[in-house]
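J.: The residues making up each chain are set out below.
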Amino acid sequence: MYKKIYTQLAEAVVVTDREHRIVSLNRKAQELLNVNAEEVAGKRIGELVDAPQLKNLLDDTVFFGRTPKLTYENSIITLQRKGRKRYHKISVTPIFTAKGEVESVVTSMVDVTILKEIEQMKTDFFTTASHEFRTPLTSIIMGVAMMKTGQLGELTERGREILDAIEEDCGRLLRIADNLLELSRMETGSIAMEMEESSVYRMIKAALGTLKLQAEKRKIALYTKLPPDLPLIRSDINKIIWVITNLVGNALRYTGEGGSITIKAMRKGTMIYFSVQDTGKGIAPEYHEKIFQKFIQIKNGDSPGGGAGLGLTICKEIVEAHGGEIWVKSELGKGSTFTFTIPVGHS
Amino acid sequence: MPIGKKILLVEDEKNIILGVKTCLEIAAFKVIVVEDGKKVLDTAVSEKPDLILLDLMLPGLHGNEVCQQLKAHAETKHIPVIVLTARTEQKDRDEAMAAGADSFMTKPFRPEELWQEIKRFL
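Residue numbers (the numbering used here), protein chains in the order written: chain A, 1 to 347; chain B, 1001 to 1122.
I should point out that these hints are in silico values taken from the structure, not numbers from a laboratory. Hints may be right or wrong, so weigh each one.
Capping the alpha-carbon separation at 30 angstroms, the derived lysine-lysine pairs in DSSO-like fashion look like this [stated by the list, open to error]: (1) B:K1091 x A:K294; (2) A:K89 x A:K334; (3) A:K148 x B:K1119; (4) A:K148 x B:K1021; (5) A:K89 x A:K219; (6) A:K122 x B:K1021.
Start from the sequences and build out the full structure, keeping to the hints where you can.
T.: Rendered as structure tokens:
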């Protein structure tokens, strides 16, 4: 019975020993790799599947005796089939002897080419939509800015107020268009991370530089608490600056006049913990997980709005692409603390 | 800002033409508009503008090809070309610069940003 199931499975399954030599492979796997089972028995899987990340995963599985943590990037392998590139999602599971040692590893592969194609279409759509927004926004922004100078005729006070509102909403539309584009690039992994050894002090300074004026205007105090001995971290500095800017920007939006925002960074083990703490109105517990999902905005009467609910989703994508995590602790009426971690780099 | 300098605006979107032309005229520039990519070189030769603002997605001929033509022609190669485009990818910027553009601005921009950029060349 199990043999039949194994043979008939829609997924391609390959069983390898501790040295990654092929022990068995089901019908779908033979079809996928264009081989027959007898021919390849005892050969190393690397000879059939040209994907270095599969070898790494198998090494880790044998060495650590457990299924390795798979990220989106390292779980997708590409195989050439009939001259066409096909994408496969792999999963790797160890099989143990009675003594608890890894005896073999089961690798299964599912064809996800169609999903990759849909993802690509989505990215193309967002790219086009984002660009198409920019052209009409140009004439609106130019027009409004020139009217505000008074050189196209005098303005009433109400007229000026309306132009300010249009200008603000143009900025909002542009941010939405940019965020959609950024998010879809991140999701498809088409953004290359430019990793370098970077200074935590420098990134926090850069992020706050653009927000200081806004905080002063709103009479909100910005504090930083940074120990003097933070190591360099291996990261894409511009993306981390983006995350900090976004978190502090949110804190500014939800903190009332006279409040404060504190930015901290500290090292714990192999991680740097960044946190942004505000004295704003706090977030209800049911939103603590949800706010990192796409298009989720906390709806309540006095919410300032101003976004599309994409900022925190992008923050999460960026942090996770660095191998870190992000979360929020908050109590209604007492403010919120957003924390994210980034591994300390190897110098 | 040098008064009376002549700028050739190559753009096919009528609302952008209105906005950019007005913005330049406020700053006392003379503005000539061409909407078709194929007509840019001839106009540049005959009008001898001091600077060219060039959109990329043009009817007739792509902005990068227009730029190559301008930079290959003895009478126009010295004229600074600022590319104005809604494209945001680094690849687009690299292609425009490779085609000979002197500068690259991403739409949307504000009037003062445009003036500032033009000032670098005039």
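J.: Each hint needs a verdict: does it hold in this structure or not?
T.: These are the hints, each one checked on the structure:
For a cut-off of 30 angstroms, the pair hint linking K1091 (chain B) to K294 (chain A) stands: about 28 angstroms separates their Cα positions. Among the hinted pairs, K89 (chain A) with K334 (chain A) is inconsistent with the structure: their alpha-carbon atoms are about 44 angstroms apart, more than 30 angstroms. Of the supplied pair hints, the one linking K148 (chain A) and K1119 (chain B) holds, its CA atoms being roughly 22 angstroms apart against a limit of 30 angstroms. For the given pair, K148 (chain A) sits about 17 angstroms from K1021 (chain B) by alpha-carbon distance, which is consistent with the 30 angstroms threshold.
About 51 angstroms separates the Cα atoms of K89 (chain A) and K219 (chain A), which puts this hinted pair outside 30 angstroms; it is violated. A hinted pair counts as satisfied when its Cα atoms are at most 30 angstroms apart, and K122 (chain A) with K1021 (chain B) does not qualify at roughly 36 angstroms.
The structure does not agree with the numbered hints 2, 5 and 6 stated previously, though it agrees with the rest.
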